[in-house]
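Asker: Here is what each chain is made of, one letter per residue.
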Amino acid sequence: GAGVSQTPSNKVTEKGKYVELRCDPISGHTALYWYRQSLGQGPEFLIYFQGTGAADDSGLPNDRFFAVRPEGSVSTLKIQRTERGDSAVYLCASSEGVGYGYTFGSGTRLTVV
Amino acid sequence: AQRVTQPEKLLSVFKGAPVELKCNYSYSGSPELFWYVQYSRQRLQLLLRHISRESIKGFTADLNKGETSFHLKKPFAQEEDSAMYYCALKGSGANNLFFGTGTRLTVIP
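Chains A and B, in that order, are what the protein sequence lines are. First residue of the first sequence? That's 1 in our numbering, and the numbers climb one at a time after it. First residue of the second sequence? That's 114 in our numbering, and the numbers climb one at a time after it.
The set of hints was computed from the structure by calculation and includes no laboratory data. Please read these numbers as outputs of a predicted model, since none were measured by experiment. One thing to keep in mind: the hints can contain errors.
Unchecked claim - DEER-style ranges, computed between Cβ atoms:
| # | chain 1 | residue 1 | chain 2 | residue 2 | range |
| --- | --- | --- | --- | --- | --- |
| 1 | B | 128 | A | 5 | 29 to 37 Å |
| 2 | A | 113 | B | 181 | 36 to 44 Å |
| 3 | B | 180 | A | 8 | 22 to 30 Å |
Using N, Cα and C, we set each Cβ at its ideal position, and we do this for glycine too.
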């Protein structure tokens, strides 16, 4: 596609439920990043993929968060047992590789009620 | 530890006036600094990076290692510059960006 696509654009879920957020990067971009942006804050790094592997997952806040990129393209961020504090905009970005600029998606706004 | 500080949450200037958005950083090595911008209802996008030493949309930013600053400047603000601006740092050897909390710039007609 022409840009980074994230679905859904909005997700409302109940506390304790499981959610999946999808990111479809620019075709050919090997690097993929997930960030989380809480209200009034800048984006915070969660995880970075180079190809299919998670090269750096140091930003994941706890083991309820997990992400995959099985074929080196689309990535899914999975959150188990959601909590109200997980409410934020989840941003995905892709790039041609380390050292290249990012292209961000428009984000998924997650609201946990 | 790395830190990016944008001291102004909100900044208003009149059209045609100079604008400076402040960014200070804390990092022990040699970082790479960026400015990202988010216009209303648009996605976050790269404005400029210090290694490029370029001017984008009339904006420039110089990395001052002595003052650990990377302030964004434009001599004459335009209404279309109204947006949210984020300063970001990438550590040497790092894969990810560390963002400041952002400054919302409003250019008053």
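Asker: Now, for every hint given, state plainly whether the structure supports it.
Answerer: Structure-based check of each hint:
Distance hint check: the CB atoms of residue 128 of chain B and residue 5 of chain A are about 35 Å apart, consistent with the given range 29 to 37 Å. In this structure the hint that residue 113 of chain A and residue 181 of chain B lie 36 to 44 Å apart at CB holds, the actual value being about 42 Å. One distance hint, 22 to 30 Å for the beta-carbon pair residue 180 of chain B and residue 8 of chain A, is violated here, with the actual separation near 44 Å.
In summary, the structure is inconsistent with hint 3 from the numbered list given earlier, while agreeing with all the others.
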